[in-house]
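Okay, here's what each chain looks like letter by letter:
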Amino acid sequence: DAGVIQSPRHEVTEMGQEVTLRCKPISGHNSLFWYRQTMMRGLELLIYFNNNVPIDDSGMPEDRFSAKMPNASFSTLKIQPSEPRDSAVYFCASSWDRGYEQYFGPGTRLTVT
Amino acid sequence: LAKTTQPISMDSYEGQEVNITCSHNNIATNDYITWYQQFPSQGPRFIIQGYKTKVKNEVASLFIPADRKSSTLSLPRVSLSDTAVYYCLVGGSYSGNTPLVFGKGTRLSVIA
Chain A
11 DAGVIQSPRH
21 EVTEMGQEVT
31 LRCKPISGHN
41 SLFWYRQTMM
51 RGLELLIYFN
61 NNVPIDDSGM
71 PEDRFSAKMP
81 NASFSTLKIQ
91 PSEPRDSAVY
101 FCASSWDRGY
111 EQYFGPGTRL
121 TVT
Chain B
1217 LAKTTQPISM
1227 DSYEGQEVNI
1237 TCSHNNIATN
1247 DYITWYQQFP
1257 SQGPRFIIQG
1267 YKTKVKNEVA
1277 SLFIPADRKS
1287 STLSLPRVSL
1297 SDTAVYYCLV
1307 GGSYSGNTPL
1317 VFGKGTRLSV
1327 IA
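Heads up: the protein sequence lines correspond to chains A and B, in order.
The first sequence begins at 11 in the working numbering and counts up by one.
The second sequence begins at 1217 in the working numbering and counts up by one.
These are calculated hints, taken from the structure and not from any lab test.
As the structure is a prediction and not an experimental result, all values here were calculated from the model.
Be aware that a few hints might be false.
[Unchecked claim] The calculated lysine-lysine pairs, modelled on DSSO-like cross-linking and capped at a C-alpha distance of 30 Å, are:
#, chain 1, residue 1, chain 2, residue 2
1, B, Lys1219, A, Lys78
2, B, Lys1320, A, Lys78
3, B, Lys1320, A, Lys34
4, A, Lys88, B, Lys1320
5, A, Lys34, A, Lys78
6, B, Lys1272, B, Lys1219
7, B, Lys1285, B, Lys1272
8, B, Lys1219, B, Lys1270
9, B, Lys1270, B, Lys1320
[Said to hold, decoys possible] Chain B side only, calculated, beta carbon under 7 Å to chain A, not exhaustive:
#, residue
10, Pro1260
11, Phe1262
12, Phe1279
13, Lys1320
Cβ atoms here follow ideal geometry from the backbone N, Cα and C, with glycine treated the same way.
Only chain A is shown next, with the shape it has when bound in the complex (with noise of 0.2 Å):
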């Protein structure tokens, strides 16, 4: 298996665009997490899903955030209209169970000018 494929790996972009981050999840694993890290923060779940549901989305920072998991070997994080302060690594994982080892994709770096 590949692994989890993030995305772009970098994406620059100006404030106000949208951006749209993309993660396809290992193979037979039934959650994703999409997390956000910045030095400040460090490492922040956002969002994650089991079976293709939403599940807790209260890491979300504000509705211009929001995560589709259109189906099991595809997700999206898309930030619309993106700021500056939304500048991090944003990392995709996946595990067999919401409880079970987590599985990190190699992560976007995200710049937004």
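Using the hints provided, position chain B relative to the given structure of chain A.
Just chain B now, kept in the frame of chain A:
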């Protein structure tokens, strides 16, 4: 969610054994204890997980006392490549509804 407390940073020389202790006073009965390692510019990677007593694998050992209010990750004979951030997580019981939650982690620096 059970909160964890671990040292912000630690230094060690190459070849030494490193022990990182994590406190989790309000751990729940069904909670597991999991440790992850993160290198710069990479996502965290699973190291070891346990429920009680001692767990060992090819990378590390995990010691958990009977009251489970703390745990110690032991890295034998560290090398420069073990320089990373180590996270202690509590929760994520296999039958529960809560996922693992990452804290601030311990930044380990291995010195030659």
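Outcome of the hint check:
Among the hinted pairs, B/Lys1219 with A/Lys78 is consistent with the structure: their alpha-carbon atoms are about 29 Å apart, no more than 30 Å. Our distance criterion of 30 Å between C-alpha atoms is met by B/Lys1320 and A/Lys78, whose separation comes to about 27 Å. Pair hint B/Lys1320 plus A/Lys34 holds up; C-alpha atoms about 27 Å apart against a cutoff of 30 Å. Annotation: proposed proximity of A/Lys88 to B/Lys1320 holds, straight-line Cα distance about 25 Å (limit 30 Å).
Taking the CA atoms of A/Lys34 and A/Lys78, the gap is near 12 Å; set against the 30 Å cutoff, the hint holds. The hinted pair formed by B/Lys1272 and B/Lys1219 meets the criterion: a straight-line CA distance of about 24 Å does not exceed 30 Å. A distance of roughly 19 Å separates the Cα atoms of B/Lys1285 and B/Lys1272; the hinted pair therefore holds under the 30 Å criterion. For the proposed pair B/Lys1219 and B/Lys1270, the alpha carbon gap of about 21 Å is at most 30 Å, so the pair holds.
A hinted pair counts as satisfied when its Cα atoms are at most 30 Å apart, and B/Lys1270 with B/Lys1320 qualifies at roughly 24 Å. This hint holds: B/Pro1260 has a C-beta 5 Å from the nearest C-beta of chain A, less than the 7 Å allowed. Interface restraint check for B/Phe1262: the shortest CB-CB distance to chain A comes to about 4 Å, inside 7 Å, so the restraint holds. At about 20 Å, the closest approach between the beta carbon of B/Phe1279 and any beta carbon in chain A exceeds 7 Å, and the interface hint on this residue is violated.
Of the supplied interface hints, the one on B/Lys1320 holds, with its beta-carbon coming within about 5 Å of a beta-carbon of chain A, less than 7 Å.
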